[in-house]
Amino acid sequence: MDAPTQPLLSPAYVKKTPIFLSSTKWVLKIVMWVIFIFWATLIFLFPAEPVNELFEKWLQLSSGTVFGITGSIFLVFSGPILIIAFLAIVYLVISDSGEEELQEKRTSNCPRFRLWTFPVLVDGPFGVVSAAEFIGILLFIVFIIWAVYSYTLKNFSLLDEFQLPSKLECYLMLELSGLRFGLIGLFCLAFLFLPIARGSVLLRLVDIPFEHATKYHVWLGHLTMFLFTLHGLFYVIAWAMDGRLLQEILEWKEIGVANLAGVISLIAGLLMWVTSLSPVRKQYFELFFYTHQLYVVFVVFLALHVGDFIFSMAAGGIFLFMLDRFLRFCQSRRTVDIISATYLPCGTLELVLSKPGNLRYNALSFIFLQVKELSWLQWHPFSVSSSPLDGKYHLSILIKVLGEWTEKLRGNISNFCKEKQELPFQPHSKITASVEGPYGHESPYHLMYENLVLVAGGIGISPFLAILSDILHSARENKTCLPRNILIIWAIKKSNELSLLSTVDMESICPSFSDKVNIEIQIYVTRESEPPLEEGKINKTVNSSVFPVLSGRGLSVLVGTGNNIWSGIYVILPVLGFVLFMDLLNIYYINPFGINAWWYKGLLFVLCMVASVVIFGGAVVGFWHLWERRISESEEFEDNQMKIGMVQHINGSMEDKESSQESLAGTSTIQYGCRPDFKEIFGSISERWGHVDVGVIVCGPPTLQASVAKECRSQNIRRRCHDPIFHFNSHSFDL
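Residue numbers 328 to 1062, in my numbering, belong to the letters of the sequence shown in order.
Read the hints as simulated data drawn from the structure, not as lab findings. It is possible that part of the hints are untrue.
[To be verified] Mimicking BS3-like on lysine-lysine, the simulated pairs with C-alpha atoms at most 25 Å apart in a straight line are:
no., residue 1, residue 2
1, Lys727, Lys609
2, Lys609, Lys542
3, Lys820, Lys1037
4, Lys481, Lys384
5, Lys735, Lys821
6, Lys699, Lys727
7, Lys1037, Lys542
8, Lys609, Lys699
9, Lys735, Lys820
10, Lys1006, Lys821
11, Lys820, Lys1006
12, Lys727, Lys821
13, Lys727, Lys820
14, Lys1006, Lys1037
15, Lys735, Lys719
16, Lys609, Lys820
17, Lys806, Lys719
18, Lys806, Lys843
19, Lys699, Lys735
20, Lys542, Lys727
21, Lys735, Lys609
[As the list claims (entries may be wrong)] For each label pair, taking beta carbons as the anchor points, the in silico distance ranges come out as:
no., residue 1, residue 2, range
22, Leu369, Trp443, 19 to 27 Å
23, Ser702, Thr392, 46 to 54 Å
24, Leu348, Thr853, 44 to 52 Å
25, Gln998, Arg957, 52 to 60 Å
Even glycine gets a Cβ: it sits at the ideal position worked out from N, Cα and C.
Could you put the whole structure together from the sequences, leaning on the hints where they help?
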């Protein structure tokens, strides 16, 4: 496992990007950065008096248009993020191949630090925080402090003008403070929904997968609800001190904010906030999940509370989330065939799902799975354990049997297998599931590193099996841009979990793989002091069944890394439809009939958003589905032939999995009764691999992530000039 003496990619192997496309991508990048900086700067400086004056002048100039003040505010605060989404679509279409950009990142021979992969904070309320994330947190903190300071000065200045009695000044100061906190919270709300749009073009643009972006939503959710709670609390205190609490809470004004709607929205938000706190979420996940569906109540009554023109300040991110949610709803209506189910001795199920040949995903992707026989509402995330190169018409996932839902799933599959054995010639209903995804990185970022350290805890080995298979398939085909050194560190509780390695037969995928890739697997069995007598039989399965599938009921290509052109049309058309609906509404209803009620106009605003998503988005989904079906029908014969071969291959692999034992034995070392010493392991890597970039990917519990991140940070801080740079990446999913 010595460091390679020759660069992995020589200029002869690097595919050159056409100058026109490369220039267009750079122009798009610059334009998107300029728009984003303008948008963020406007929000940051909005509390300043000069910016307020400019904004008021803009409203005066544009108030005579058909869209009025609402359209002007929407264009300034929500328009930029939608324009960036449009440009991101063009950028993704141009970058559809993705290979050139990945190769460009790998051609650098000089290891360097990256803000996104350098852990700064390890222990604390934020978990593992990279340098880039730390900068983002600081900017938000500075914005909150600056906004509170600026608005407080304005409040005192306003009170000085009125010369009110001290008691009235106190009431008014509390109400003004509540108003300011509500406005700051609204700015945070503009960002809140962006990270949880799972198939969002914005996440794909910056190549941040949903499971990673979830923590940004968590951080922003805590901050937003803290500000909205202060907003309501200051008003409640002022009203209670003045003896008009009940009157104000029940008030529903036509002109002005509707207090009762705000109370309902805040209560819904507080219920979501309390049940999302870590202790509650971990102990009562279903309570957290079901309560979080109150976001619909929260958003709708927020619009009724503040009216259309104030709500439009945060509408851009909410609209993109609505588009994503509707698309996921359409995708999840399709049932997906389970081709095979294998029950491993460690209590883990391996499911193989049918998928169409034109559905793309990466080795580090994941899906959301629902089995209606178990629950109509529960969706569970699972990492994909197969490489896209394993097969064109299927993907695999590993499910560890831990809770009630997974126990029921194992029971259903066991009962199905018994029925097949007892009545082999009788017709049986297929086991089906509904799937959202696959989601993941836009590009296979594990190929960015020539040297990889993969750290897994228990079932966390699942995505690394996909990585291993992906690299071996590519090595067999002599592809460039592949890792040369791979170290897998796997901590498990008991040795029966070793059977998970049987799902990848390295020698059959790439014969003589050791000549092309240096692979070392270090396994730590923490709860056993010595090997069991049956250690040599780690690949034996307890129960398995294959269900021949020729109907073609595979995953839908609507979400995930699907067709970029259709994805772009799906975003652009509903946005234009929303503008059209608002235009027609103002021309033929609001202006002629003199509609002035804030809450009613807020309701109409939300209804236009929903209508544009359902009508225009639904039309695109319909045509997209017809296009997908046409493609599938044109390849129907080929699909069936491939699926017959695939079922035969799965049958054969179940019978011959013992052959993988020899290839694993040559690359694996197993230690019992101990945990990995990351200081020793990373020190050994530094001596052997030298001055290179080392990609460290962790999939496991938070304690494992923190331990690895701490050692990466320590090694990078005290590194010498000839030592490697460790780049920390996390693949753990935690809702």
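Hint check:
1. Lys727 <-> Lys609: holds, 17 Å
2. Lys609 <-> Lys542: holds, 15 Å
3. Lys820 <-> Lys1037: OK: Lys820 and Lys1037 at ~23 Å, within 25 Å.
4. Lys481 <-> Lys384: Roughly 19 Å between the alpha carbons, so the hint for Lys481 and Lys384 holds.
5. Lys735 <-> Lys821: holds, 23 Å
6. Lys699 <-> Lys727: At roughly 19 Å apart (the allowed maximum being 25 Å), Lys727 and Lys699 satisfy the hint.
7. Lys1037 <-> Lys542: holds, 19 Å
8. Lys609 <-> Lys699: Within the cut-off at roughly 23 Å; holds.
9. Lys735 <-> Lys820: holds, 23 Å
10. Lys1006 <-> Lys821: holds, 24 Å
11. Lys820 <-> Lys1006: holds, 21 Å
12. Lys727 <-> Lys821: Measuring from Cα to Cα gives roughly 14 Å; hence the hint holds.
13. Lys727 <-> Lys820: Holds, at about 13 Å.
14. Lys1006 <-> Lys1037: Given pair Lys1006, Lys1037 holds - Cα atoms ~10 Å apart, limit 25 Å.
15. Lys735 <-> Lys719: violated, 30 Å
16. Lys609 <-> Lys820: Holds: Lys609 and Lys820 sit about 21 Å apart, inside 25 Å.
17. Lys806 <-> Lys719: holds, 18 Å
18. Lys806 <-> Lys843: Measuring from Cα to Cα gives roughly 11 Å; hence the hint holds.
19. Lys699 <-> Lys735: holds, 12 Å
20. Lys542 <-> Lys727: Measuring from Cα to Cα gives roughly 24 Å; hence the hint holds.
21. Lys735 <-> Lys609: This hinted pair holds, its Cα atoms lying about 20 Å apart.
22. Leu369 <-> Trp443: 19 to 27 Å: At 25 Å between Cβs, range holds.
23. Ser702 <-> Thr392: 46 to 54 Å: Check passed, 49 Å falls within 46 to 54 Å.
24. Leu348 <-> Thr853: 44 to 52 Å: holds, 51 Å
25. Gln998 <-> Arg957: 52 to 60 Å: holds, 55 Å
When each numbered hint is compared with the structure, a violation occurs for hint 15 only.
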